[in-house]
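J.: So you can see what is in the structure, the chains are spelled out below.
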Amino acid sequence: MGEFRMPSLGADMETGKLVEWLVTPGQPVQRGDIVALVETQKGLFEIEVFEDGIMGEPLVQAGQTVPVGTVLAMISSGTEAAARTEVQAEPPAAPAAAPPAESPVVPPVAAPLAGSPGRFACSPSARRLALELDVDLATVRGTGPGGAIQRSDIEEVATARKAGAAPVVALEKPVAAAPIQPMDAETSAARMRQAIAAAVSRSNREIPHYYLETEIDLSRPLQWLAAENQKRSIQERVLPVALMLKAVAKALRDVPELNGYWLEDRLQVKTEIHIGFAVALRQGGLISPALHQVDRLSIDELMRAMADLIERTRAGRLRGSEVTDATVSVTNLGDRGVKTVHGVIYPPQVALVGFGRIAERPWAEGGMLGVRPCVTATLAADHRATDGHQGALFLEALNRHLQLPEEL
Amino acid sequence: MSESKAMKATTYREAVKEAIREAMHRDQRVFLMGEDVGHYGGCYAVSKGLLAEFGPERIRDTPLSESGYVGAGIGAALGGMRPIVEVMTVNFSLLALDQIVNTAATLLHMSGGQFNVPLVIRMATGAGKQLAAQHAHSFEGWYAHIPGLRVLSPATLEDARGMLWTALEDPDPVLIFENNTLYNMEGMLAVDAGPVDIDTARVRRPGRDITLITYSASLFKCLDAAEVLAGEGIEAEVIDLRSLRPLDDATYLASIARTHRVLIVDEGWRSGSLAAEISARIMERAFYDLDLPVERLCSAEVPIPYARHMEEAALPRVDSIVATIRRMMSHG
Numbered sequence: 001m002g003e004f005r006m007p008s009l010g011a012d013m014e015t016g017k018l019v020e021w022l023v024t025p026g027q028p029v030q031r032g033d034i035v036a037l038v039e040t041q042k043g044l045f046e047i048e049v050f051e052d053g054i055m056g057e058p059l060v061q062a063g064q065t066v067p068v069g070t071v072l073a074m075i076s077s078g079t080e081a082a083a084r085t086e087v088q089a090e091p092p093a094a095p096a097a098a099p100p101a102e103s104p105v106v107p108p109v110a111a112p113l114a115g116s117p118g119r120f121a122c123s124p125s126a127r128r129l130a131l132e133l134d135v136d137l138a139t140v141r142g143t144g145p146g147g148a149i150q151r152s153d154i155e156e157v158a159t160a161r162k163a164g165a166a167p168v169v170a171l172e173k174p175v176a177a178a179p180i181q182p183m184d185a186e187t188s189a190a191r192m193r194q195a196i197a198a199a200v201s202r203s204n205r206e207i208p209h210y211y212l213e214t215e216i217d218l219s220r221p222l223q224w225l226a227a228e229n230q231k232r233s234i235q236e237r238v239l240p241v242a243l244m245l246k247a248v249a250k251a252l253r254d255v256p257e258l259n260g261y262w263l264e265d266r267l268q269v270k271t272e273i274h275i276g277f278a279v280a281l282r283q284g285g286l287i288s289p290a291l292h293q294v295d296r297l298s299i300d301e302l303m304r305a306m307a308d309l310i311e312r313t314r315a316g317r318l319r320g321s322e323v324t325d326a327t328v329s330v331t332n333l334g335d336r337g338v339k340t341v342h343g344v345i346y347p348p349q350v351a352l353v354g355f356g357r358i359a360e361r362p363w364a365e366g367g368m369l370g371v372r373p374c375v376t377a378t379l380a381a382d383h384r385a386t387d388g389h390q391g392a393l394f395l396e397a398l399n400r401h402l403q404l405p406e407e408l
Numbered sequence: 001m002s003e004s005k006a007m008k009a010t011t012y013r014e015a016v017k018e019a020i021r022e023a024m025h026r027d028q029r030v031f032l033m034g035e036d037v038g039h040y041g042g043c044y045a046v047s048k049g050l051l052a053e054f055g056p057e058r059i060r061d062t063p064l065s066e067s068g069y070v071g072a073g074i075g076a077a078l079g080g081m082r083p084i085v086e087v088m089t090v091n092f093s094l095l096a097l098d099q100i101v102n103t104a105a106t107l108l109h110m111s112g113g114q115f116n117v118p119l120v121i122r123m124a125t126g127a128g129k130q131l132a133a134q135h136a137h138s139f140e141g142w143y144a145h146i147p148g149l150r151v152l153s154p155a156t157l158e159d160a161r162g163m164l165w166t167a168l169e170d171p172d173p174v175l176i177f178e179n180n181t182l183y184n185m186e187g188m189l190a191v192d193a194g195p196v197d198i199d200t201a202r203v204r205r206p207g208r209d210i211t212l213i214t215y216s217a218s219l220f221k222c223l224d225a226a227e228v229l230a231g232e233g234i235e236a237e238v239i240d241l242r243s244l245r246p247l248d249d250a251t252y253l254a255s256i257a258r259t260h261r262v263l264i265v266d267e268g269w270r271s272g273s274l275a276a277e278i279s280a281r282i283m284e285r286a287f288y289d290l291d292l293p294v295e296r297l298c299s300a301e302v303p304i305p306y307a308r309h310m311e312e313a314a315l316p317r318v319d320s321i322v323a324t325i326r327r328m329m330s331h332g
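Read top to bottom, the protein sequences are chains G and B.
So that you can map any letter, position 143 of the first sequence is 143 in our numbering, and since no number is skipped, the others follow by simple counting.
So that you can map any letter, position 78 of the second sequence is 78 in our numbering, and since no number is skipped, the others follow by simple counting.
Excised from the complex, chain G in its bound form (with noise of 0.2 Å):
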């Protein structure tokens, strides 16, 4: 038996709405199967399940919103075999909304206020001490008047923590149904910008940024592409930003530091890259989905997946785990004109790549002056994580890989 849970599509959700149920009650699933549309303050998500089993009851109805870990639904295993190797299967997109499937029910964690999604009742003093301990509201289970976090709260869940275990979180009965309307573009948009201020507020809070830029002359790439391109249709035309994707994909494989996270006070390299891409919204806001594996796709894949990518996060249908497993983060800002980015990390992550403009520019190069298209790269990493020194040997690998096209 396994439960399903509102995912955490993010550091700064607390809270999502069940939007629609994609699969009935007693319909087998199985692990990546998509069983609900959630929206957050991001836009609309298809969520996937992480074990096989058959759907149980609804326990939240469409159209409620419950904070980040509550259990939408039980999955029951077809056997007892296969439920033993699903509950070590990996862990849902939230690790922190994950216990083990045998967790004791307890009371529910603290309820939005009414009329204020994503804040809770907590006093003034429970939440400085949450902040001191690094504790996250969402997943507290308030004891304080009308279910208000105290202090006594947070300190149970720092030591639950300290303990080992991970905090638990769930539900003994469904959080009240909250008022079910539409929201309008307005709103939404303004909750995509409380979102976007929550993260980038506690990534120049928390994060130690240091930045490194390098000129590099795109000459042999762009040439390399010209020629590739001549034989192509235009579909299957590849763009520059291709090359520059799997570049920062194959120097992330020299210098893996710079491809993970930074939780509990240590750096979590990570081998699969991810990388997060920054799209731009037509409403406004941006949302980052990940390119799974860039450093195993051909440039062709890359280019499919990129586009399939763009599409479905502007229509707002994007998977749960491709907002949430980015290891990296690249943002181009080109197209628009700019020159360079310095860029703001997307926590846990601890590194960001920038890309400017490609310009026609002044290069010397053994005593001579030439004209070469050229773009600014820049690096935005996590102190914390690692030195300059890793960040130079990260751009000059960048640099290396985009003056081997054909091999990239």
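Wrong hints could be hidden among the right ones.
Label pairs and their computed distance ranges (CB to CB) [claimed, not checked]:
1) G:T271 <-> B:V203: 19 to 27 Å
2) G:E132 <-> B:S330: 22 to 30 Å
3) B:S330 <-> G:P28: 43 to 51 Å
Calculated directly from the structure, the hints in this document are not laboratory data.
For each residue, glycine too, the CB sits at the ideal point set by N, CA and C.
Starting from the known structure of chain G, arrange chain B on it as the hints suggest.
T.: Just chain B now, kept in the frame of chain G:
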């Protein structure tokens, strides 16, 4: 050392009388005046025997004219004397409000700093003696609103004995509020008890779970409540404000930083009360220390009733303090 000090049994009334007697001996400029303070010995018998000891020049009976004799006290103070003016109850002091607020509190300012008014006014305050709505109110919070006045509320025998001399030493007007339910309070007092400071609040009982801020007679209700709660594992810290103007913010703010919870017990009416002022200061200066909203336990907003059970019901009581704290502490 302090344990070996010679102690004697006394009452709050005797402690106040002793304070007046000491002041009369120490400073020839000191005299006492008020309604029935001489031949009758004081409406609460505080000055009984003082007329025989010091004579009618220094223990002066006055007509029933609060405005007149408080004004005379201001004049005497300006003329170099150190008058102690007794007003029978705070309700009656409203007849002298013009003298106290418009004259005593303002003269230093109006004279460009030339004239201090070294006047001490003592008055009885508070309910609990079935004296009904015209003799039992608690207006000390009103006076604590007025710049130019110092407002004291001695609760303990030490403070009843020691605040008067320090107040007389102050160059500006000082109001001393004596809760009428305290006069019969008995206890032990050091034989050599003397002047005490009039600037600071005191922690009368330490505790880690909740801060009780109070003053005057409510102090003992709070201490009794804390004793009951201690039996249930709740450790309440009880703070006696002692001075209502100026307030010693540092003492209660430091306590809140330890306990994170506050209940203010004030016999005044809740709206616009001293408790409201303290609550506002806590919001301003200790917001991030709070783990619960600040709560207040004040008198019911009615004229204090005459009937005993009604009067008791209108006031903060030990059981209502205990119940309020139990409720506050019931959430972990």
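J.: Starting from the hint 22 to 30 Å, judge whether the C-beta atoms of E132 of chain G and S330 of chain B obey it.
T.: holds (26 Å)
J.: Note whether the CB distance of S330 of chain B and P28 of chain G lies within 43 to 51 Å or breaks it.
T.: Given range 43 to 51 Å: holds, Cβ gap about 47 Å.
J.: Using the C-beta atoms of T271 of chain G and V203 of chain B, is the stated range 19 to 27 Å upheld?
T.: Since the Cβ atoms of T271 of chain G and V203 of chain B sit about 59 Å apart, the hinted range of 19 to 27 Å is violated.
Hint compliance for this structure: hint 1 alone is broken.
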